[in-house]
Structure formats: structure tokens, C-alpha cells
Amino acid sequence: MHADPKGVLTGVHFLDGDHACCEGTLAAGARFSAGYPITPSTEVVERFASRIPTVGGIFIQMEDELAASIAIQGAVWGGAKAFTVTSGPGFSLMMEHLGYAAMTETPCVFVNVQRGGPSTGLPTLPAQADMMQARWGSHGDYGIIALCPNSPQECFDLTVTAFNLAEEFRVPVMMMLDECVGHMTEKVVIPEAERIQVTPRRYTKRQPADFRLYEPLADQVPDMVRAGEGYRFHVTGLTHDDRGYPSMNVETQDRHVRRLQDKLKPLANGRALSETENLEDAEVVVVSYGITSRVAQRALQLARQQGIRAGKFRLISAWPFPEARIAELAGRVKAFVVPELNLGQMVHEVARAAAGKAKVMPVTHAGGGVHPPETILNAIVEAVR
Amino acid sequence: MNETTLEVPYEIPVDAHNPVEPFLRMDRMPHIWCPGCGIGTTVNCFTRALLDSKADLDKVAIVSGIGCTGRVAGYASLDSFHTTHGRAIPFATGLKLANPELQVVVYSGDGDLFAIGGNHFIHAARRNMDLKVICVNNLTYAMTGGQTAPTTPSHVISATSPYGVFEPAFNLVALAEAAGASYVARWTTYHVKQLARSMEEVLKKKGFCFIEVLSPCPTLYQRRNKMGDGLDTMKFYKQASKVRHGAPTSECALTKSGEIVVGKFVDRDRPGYFELLNAQMTETLGERYAEPEVVCGNC
Amino acid sequence: MAKGFVSITVERCKGCGFCVEFCPTHVLALSSAYNSKGYHAPHIVSAEKCSGCDLCGMYCPDFAIFGARYAR
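Chains as they are written, first to last, in this note's numbering: chain F, 117 to 501; chain V, 79 to 377; chain Y, 9 to 80.
Okay, chain F solo, but in the shape it has when bound (with noise of 0.2 Å):
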């Protein structure tokens, strides 16, 4: 289905990343969020805040990130489609409720603005750092999806996406913005909203006597309801049966828990969102996301007019990593070079995947700034030599 045209603001627009960010929830449906301001994060619902009313529907700020992340999640089990919006230090405390979200399978969307860390860190400037955070974070094992755009447009473009990930998989969607991309200001296109698409939620269609709400469908998905509907249910972050009754003993969780990964194999291999250049000749690849991208485009340019057959890998969605691309293509190419604004996160997930058959590089850059290209283009000499 398209999005409801009383939420899109169809036109060419010039907008921040943050502001487009807040555009892209409400194409796609988002009626409800929960915030707590936190920098350079607060400009998402500082948008939301100022739309909402005119648009119909809630922004409520909270008296902090727990309760943001948690309101959302009432809201959802209400109805609504909802998100959350932070950076690092609120990041952190909303783990706690982005496991609920996993464990619960509610569908919902945290955004994550990032700034350098750990702790206070760098309030107004940026980092990638949370990469790590945004798939362990929570206790214990569950899985998640992280959608890491690198420009306004994608900060649209990749929220409506959010959005209709977390309704189809039941999983909560991270979207890892940075500083830089966060507070860019470009060009932004919003499409009509009968050429955005929509996904809408899985209600079930039985009656609540055939119903149980945790009961996988093939896709190892579950349907859902909503309250108020009669279906009297029950919902908890206990290790939980079909029926969404607390089982604690091991077969439940073993199949729960698995399940809670396993859903979201079809996005680490072929429904994996990146975007590439110049892989068929590459003997270099450069994997890299947000800010950095654009970064390592300029450092790819370089390169290949030093006549090296450097090729990008653009993560778009960073979480589930798309192993099975990153193991094809260490089987033809030289080496990996995984700049990146933290001291090593993704480039670990790439050496795991590249498995010893290519070697893997990291650029690491503790936060604050963007490596300069040079930086860059020297790995990539490097890993060729």
C-alpha cells in the first residue's frame, strides 16, 4: 500500500538530515513519538513536535530515554507506528528497551544520531562508534536491523524503509545517522505518496480463539493485534511460549531465542541493502557507511586515477551484516579497506566474513571529525602494495 498523503510533504525540498529524518516517519506512517532531547540528535522531533499537530497525532517528550523508548512500544501495542530518537548517551540508556522491543517483536523504529563517546563525549560532533552497540548493546542474544544512510535524501529515503522493515520482520530498526549526515543540509526530493510504499502491519485475520500471538508464520514471523480488539493477550519480556505465556526452560528458549536471529537471515544475504562501484575489476574493495562514504568516494576517485582498481561497498543496511557478499567477494579481491569514525567495529564483522582470503584493513578515526581522503587513499596504496 502508499503512504497516507496527509503526512508527506510531496516536493524539493532543502533539508537537514535530522529534519528529513522526521519526514521520512511520517510518509511512513508514524503517528506517534517519544523523545528526550539530547544533541545532535533533537532536531528530528523538534520537527515532529512542530508537524504533528497539524498532521494528527502525539509527540510526547519524556522525562528521559527510558521512558521514550518504552513509551513508543505502548504505543505500538496500541496501534500506532512510533519511534524513538537519540544519540550515544541516550543510546545507551535505551537498550534496555530496545531488547524488550527484540524480545517482544514490536515494531518500531530508534533513531540514533551519532556523536563521539564513550560517555559525554563529543555532544556536537560526530562519530560512528554505537556500530557495535546498535547489534549487542541489549543483554543477551536477539537480532536487529541498522540502516546507516550517508545523505538527507537517504535520511528520507531509508527512514520510510525503517519503518516497513520493522512491520514485516517485527523487529526493532535502528537507523544510525552521524553528526555530519544528521546537520548536512542538501537537496531533498519527496516523492507523491502514492509512489512512497507502505507496509502495513501483519494483523492477524482469526479470531482471538485461533489466535496466538507468538505463533510463527513460514517466514518465522508472527502475526499481531492490537489492544483493545478482544483478542486478550499477553505480551512479556519473560522467555515466552506461543501463546506469549512465560515458558523459562530451555527448549523455549532455544527455539525463541534462535528464532529472534534466525527471522532476519534473508537480510543478511540477498535482501542486503548497499550500494556498489567498480566491484568487477576491483582488486581493492573500500567498505564503508554514512559520513565516511563520502569520504572514501573521494579517496576511490584518487585511486583510480593512480591507476589502482579500487571498488566501494557501501553498507546501507550495516545490521544483519551482508556476510555472504563480503565472503564472494574476499574469494577475488586483494584486500578490504574499512575506514571508518571509531577505533574498529564493522571492519571486525568484515574479517569475519572475509574469513583469511582477503586482508582487511581498518582506517580507524576515534570520532570528532572525517578522515581527511588522503588518509584514506593511503590504506588503499597500501593494501595493493
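Think of the hints as simulated: they come from the structure by calculation, not from any bench. Ideal Cβ placement from N, Cα and C applies to all residues, glycine included. You can take every hint at face value.
In the BS3-like style, the derived pairs of lysine-lysine whose C-alpha atoms are separated by at most 27 Å in a straight line are: (1) 11(Y) <-> 271(V); (2) 57(Y) <-> 316(V); (3) 321(F) <-> 137(V).
Now the stretches of chain V that chain Y is said to cover, found in silico as 3 or more residues with beta-carbon under 8 Å: (4) 96-102; (5) 113-120; (6) 304-315.
We have chain F; now place chains V and Y onto it with these hints.
Same frame as chain F, now just chains V and Y:
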């Protein structure tokens, strides 16, 4: 389980059933609560309040946090949510805002609502969010083994205060009133009729409503303090309680073995969240304001 | 004849004694017999006194007893 019924010296009508059963997931019985624990008693009162208030049960949602009382949601045959520790109120806030036709009841314990969840409690009360908060106060963290809670009275022995509690405790009813609750009452599990009536009142009242229910935890609180079993605690409640409707909540602090002031302390009308939202937005935006339609109609 | 009756689900009882203590007409006493979990459930000692007020049902934390009035 074998549901034997005693041989009785008279006839029981065949259609007779326990009035709580339609409100409970009987396939989950027996529940996990200890012998002499009062949580089940509060559930009886709640089910009778639901019955008496003639609420449409399909439109009542119950939200719990973590702990012994947190398990109430799992036993109630309603749309029910067992959330994370301390976060029942913000979850309920989202649920209510998304779907205002739901009657949202928060049912949780003192540690959950007032230690880890204390901030959420005061803010929901400040907003006069239309939530009915029922706090079963057993004066301790029971699920984890009887540690000191912010409600544990001075001089009490607990698992983490082996030489006695010395920190002052919260007076929950005073806290609720100060934070802005529209309705504040306290009962004990001895006061079943009054508690059921209070619960029925809050189901019919708009705004943030709070009922504190003192309840025995014979396994961890009373035992450690040589205060007897559940029945002894019920007798203590009967003897130590004094009904004082409208009493200033500041005078209602609890002590280890002193008087327990019970009754309805606050019943006032403050504008609710939606009322204030709509008034402000209409004033500022006029006809441009679109009232919230949060539930995704065709998705 | 009694105005009401009580119904007891013995196996659900945990023997707290609330119903026995607070029955206004003293219909109940704890039985000396054990249920399968080892608790002493209540039994009826003065059936004729039962008013069917269901106070026992309101007190019972284990949903193991209730009272009701006979239809007239």
C-alpha cells in the same frame, strides 16, 4: 491439576462459578505467589471492581512492571503487558495516548513503581495522564529475596539491611498527591470491600489515580522481622488501621508497627492530558489543528 | 436452610487461613487433612450459617474459594 472440590453438606448450583474466573487466565493457575501473600487478594478486589463498574473488558488493558506484583498482568484475562522493571507507567502512557478508548490500569509493586520507576510515576501524575495505578506495597523487594525498598520502614531487617533500615521511607500517598494525582487512596488487604470500591471509583474517574494497598509478604518481610505469617499480618492490619477519609497525606506516613491510616485522601478534578493538549493546540493553531489519530487506520 | 453456600477448590488452596479468620458467620475451619501440595485447606463446619456473602472469595489469595447466595 486435579480440581477436587470438597464433599459439601449441601447442594452447589451447577452454574455456580468463582466470580474471579472470567477475569483470569485459569489455565495459568496455580499462580506463583507464596502462601499468605496478599497480591491475590488485591486481584479479587480488582476483578470485582471490573465487574461492578461494568467495564467492557475488551477495552481494559493492564500493564505491569517487574516483581511479584508484576506478575498480575500475566494472570489477568485482559490485553496485558508485562514490561520492564520500573517502566510500566511510560509503557502505559504510550498505550493510552495511542489508543485513548482503552482503560489503562497499571498494576505493580512498590519497588518497581517508586524506586526504579519513581521518576515515571511523578511525571505521569504531573501530566494527569489518564492511568489507574494500583501499587501493591509489601514494603520490600519480594521477587529478589526481600531487600530494602524505598518504602521499607525504619528499623526493619531486610536482606540488604541486616542490621536494620535507617534511611527514611517514602510516604507514597503524600508523594502521589504532591506530584498531582487526581485520586489518592490507601487500603490494606484486610479492607477488601473498601479496596474494591476504591478500584471501582478509579475505573470511573478520569485522570491519574493512585491506590496504595498494603499487603503481606510473609516469606520475606514478616518472617525476617518476626511478625508472623500472612494471617498475623492481616490481623495486624485490622487492629492497626484507622479509616480517615480526607486525612492530610503528610500525616499518613507508615512505620514498622504503628497506626496505618487508610481511606480516600484525595479526589479532585484536574484537566487531563488530552484536554490540555487540545485546548493549547486549538488556541495556537485554530482550524489547522488536527486532533490526534494515532492508530494507523488502514495499516 | 442456609441463605448461601461456599465452594472450595481444595487443590488450589495454600492454607493461609484468611477465609476461616474473616468469615463473619464462622462457617469454615482449617481441615486437618492435607491437599496434594501439603496444605490444610478449609472445610465447612457450619453450613447452615452461610450467608453467601463471598467475603471468603474476596480474601482468598489463591482463588480457591467463593461464596454465593442461593437464587430465590
